[in-house]
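Visitor: These protein sequences, in sequence, are chains A and B. Here the first sequence stands for residues 1 to 112, numbered as in my numbering. Here the second sequence stands for residues 113 to 225, numbered as in my numbering.
Take these hints with a grain of salt, some might be off.
Anything over 12 Å on all C-beta distances counts as not near chain B; from chain A, calculated [stated by the list, open to error]:
1. T24
2. D27
3. K68
4. E83
Below are the SDA-like pairs computed for lysine to any residue, each with C-alpha atoms no more than 25 Å apart in a straight line [what the hints assert, rightly or not]:
5. A:K99 x B:N163
6. A:K22 x A:I110
7. A:K99 x A:T65
8. A:K42 x B:S218
9. B:K183 x B:E164
10. A:K68 x B:E156
No lab work stands behind these hints, which were simulated from the structure alone. Don't be surprised by glycine CBs; every beta carbon is placed ideally from N, CA and C.
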Amino acid sequence: GENVEQHPSTLSVQEGDSAVIKCTYSDSASNYFPWYKQELGKRPQLIIDIRSNVGEKKDQRIAVTLNKTAKHFSLHITETQPEDSAVYFCAARDFGNEKLTFGTGTRLTIIP
Amino acid sequence: DTGVSQDPRHKITKRGQNVTFRCDPISEHNRLYWYRQTLGQGPEFLTYFQNEAQLEKSRLLSDRFSAERPKGSFSTLEIQRTEQGDSAMYLCASSLDTGAGYTFGSGTRLTVV
Chain A
1 GENVEQHPST LSVQEGDSAV IKCTYSDSAS NYFPWYKQEL GKRPQLIIDI RSNVGEKKDQ
61 RIAVTLNKTA KHFSLHITET QPEDSAVYFC AARDFGNEKL TFGTGTRLTI IP
Chain B
113 DTGVSQDPRH KITKRGQNVT FRCDPISEHN RLYWYRQTLG QGPEFLTYFQ NEAQLEKSRL
173 LSDRFSAERP KGSFSTLEIQ RTEQGDSAMY LCASSLDTGA GYTFGSGTRL TVV
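Could you put the whole structure together from the sequences, leaning on the hints where they help?
Guide: Shown next, in the form of structure tokens:
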């Protein structure tokens, strides 16, 4: 089955700097890659996603890039703000398969 | 419709007891998923429904676990003879179709003592 690895497990950045979180996946058939943000005690919330026919997608300060050949994808947050502090999870889904396989999460801390 | 609702938010039970959780998905969503999340880990897939049909079950879902979605709307997840290892956050999610992202509920936190 699919295996998703996520790095780093913790990340601290100064407010205003950029943060990058990286994930790799094992199954070349995976074609959908969402990113979720989970604040303490709250539900995971979808913040951005990308499909395998696209190399990059951007939404304001958040962007995701996908390298299908290398089987990795990354989340980029620019101009970080204190409210960006949370745990971020990447995930991957096979074509024709309903389940998402999640990474182990990255705890992002924005230092004011 | 304010999103995916789960009930209860918290459940403390003694080992060996049975528990049942409920999930109400977004009304127009035909797909419903159950995941389990333990501290410091990402959500792990348990099972999913398309309308009332349960189409996939994880090996994590032992015979003590059963899920239903009788009318294709709300779903229940029952755990029989609970064990301490069942302590986790149980998350429900729904989506409109296979190409869409999930919307998660706030989860039910189960503590088995």
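Visitor: Are there hints from earlier that the structure breaks, and if so, what are their numbers?
Guide: Of the numbered hints given earlier, the structure breaks none, since each of them holds.
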